[in-house]
Amino acid sequence: MTGGGSLLGGASLAQANGWNMPVGVTDLSAEIYSLHMTIFWICVVIGVVVFGVMFYSLFKFRRSKGAKSSHFHENTTVEVIWTAVPLLILVGMAVPATATLQKMYDTSDAELDVMITGQQWRWRYEYLGEDVAFNSNMSTPRAQISGEEDRGEHYLLEVDEPLVLPINRKVRFLLTADDVIHSWWVPDFAVKQDTIPGFINENWVRINEPGIYRGQCAELCGMDHGFMPIVVHAMEEDDFDDWLAERKEAAEAEAMGVDREWEMAELMERGEQVYGSICASCHQADGSGSPPAFPALAGNQELIDDVDWHIDVVLNGVSGTAMPAFRSNLNPVELAAVVTYSRNAWGNDTGDAVQPAEIVELLE
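For any residue, its number in my numbering is found by taking its place in the sequence shown, counting from 1, and adding 913.
Worth flagging that the hints you see were computed from the coordinates, not collected in a lab. Some hints here could point you the wrong way.
[Said to hold, decoys possible] Computed Cβ-Cβ distance ranges for the label pairs, DEER-style: (1) Q1214 / D1063: 34 to 42 Å; (2) G1189 / G1135: 16 to 24 Å; (3) G960 / A1010: 18 to 26 Å; (4) L1276 / P1110: 49 to 57 Å; (5) H1138 / H949: 20 to 28 Å; (6) G1260 / W932: 48 to 56 Å; (7) I955 / G1233: 16 to 24 Å; (8) W932 / I955: 28 to 36 Å; (9) D1022 / G1135: 47 to 55 Å.
Note that CB positions come from ideal geometry on N, CA and C, so glycine has one too.
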């Protein structure tokens, strides 16, 4: 009894110190943890037995004591034993592992579908069938990254818009990417799935406890790979339903804004928000850019002189560069606002006010 308590205590200590994988907050993550620990202790026992026999033999039958080696060449009994025992061990590990894998890949009977799209360097979440979609960007201040300010509690693991999910409901994830391979990873869910351009992978989760759960991109997806965190806010079911209803109303109100004429001040305010969350990571908050990969927008004569070219770049991206197309990632109001803002901020002062209705025409 004492020995078993020590083993469990050691596993708990390792988990508490971050040396082990977390138990997590889903039934599947707990099952994966249990399987992991079972196979771990099987490997420990095998290691102790093998190295124990080896060191005992080296000590007991050493040459200095006059020991002479025995030969087991073509000994059928020995060959059967050292073939059968490893086979039985592998089968014993494969059976529970296969059962767990079947559960991991069973995405049927989901109550909510969420499309997750990886983008350099943010995540886009779309609640399928609900007309709710948004981008999730890292919100750690650049001053902390550059060392000008003290780092916060969740340095590089905080976002402006977390993915919100209900507890006690099966949620199916459909995962893809717009540019390069990313990997959506939340340890507490035991979910780690590659997002590949042109392909849609599936995964799922049913969260047992409300709370904030954090993860990050687990694929080396290029410069700023470390600035692509994941935050999931798991809510009680009623709270989630209320949140989703509010987001649907907000999305409908934003869509209605397409049909009206926006004032310059409104476009600039909305555009500054969009630019700060989407564009500033590459082109810098002051529009100075990071040439040659990310050209400056402040004082950019091509941008200032040609509004049509500017809109086309934002909508369709630039082939062969890191500039992606935003036509599918931002709505017409956001697109019009961010173009207007970048044409009138940092001293550009073109006076152009691009209206959402103009963007709608170009998207049709």
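Range agreement (Cβ of I955 with Cβ of W932, hint 28 to 36 Å): violated, 19 Å
Cβ separation of L1276 and P1110, checked against the hinted range 49 to 57 Å: Distance hint for L1276, P1110 is violated at roughly 22 Å.
Consistency of beta-carbon spacing, A1010 to G960, with hint 18 to 26 Å: Check passed, 19 Å falls within 18 to 26 Å.
G1189 paired with G1135, Cβ distance criterion 16 to 24 Å: 21 Å Cβ-Cβ, so the 16 to 24 Å window holds.
Range agreement (Cβ of G1233 with Cβ of I955, hint 16 to 24 Å): violated, 51 Å
G1135 and D1022 - C-beta distance against the hinted 47 to 55 Å: Hint violated: Cβ distance 37 Å, outside 47 to 55 Å.
48 to 56 Å as the expected CB spacing between W932 and G1260, which holds or is violated: With Cβ atoms ~53 Å apart, the hint holds.
Status of the given 20 to 28 Å range, CB of H949 versus CB of H1138: Holds, since H1138 and H949 (Cβ atoms, about 26 Å apart) stay within the stated range.
CB-CB spacing for D1063 and Q1214 relative to the 34 to 42 Å hint: Cβ of Q1214 to Cβ of D1063: about 40 Å, so the range 34 to 42 Å holds.
This entry does not satisfy hints 4, 7, 8, 9, going by the numbered hints stated previously.
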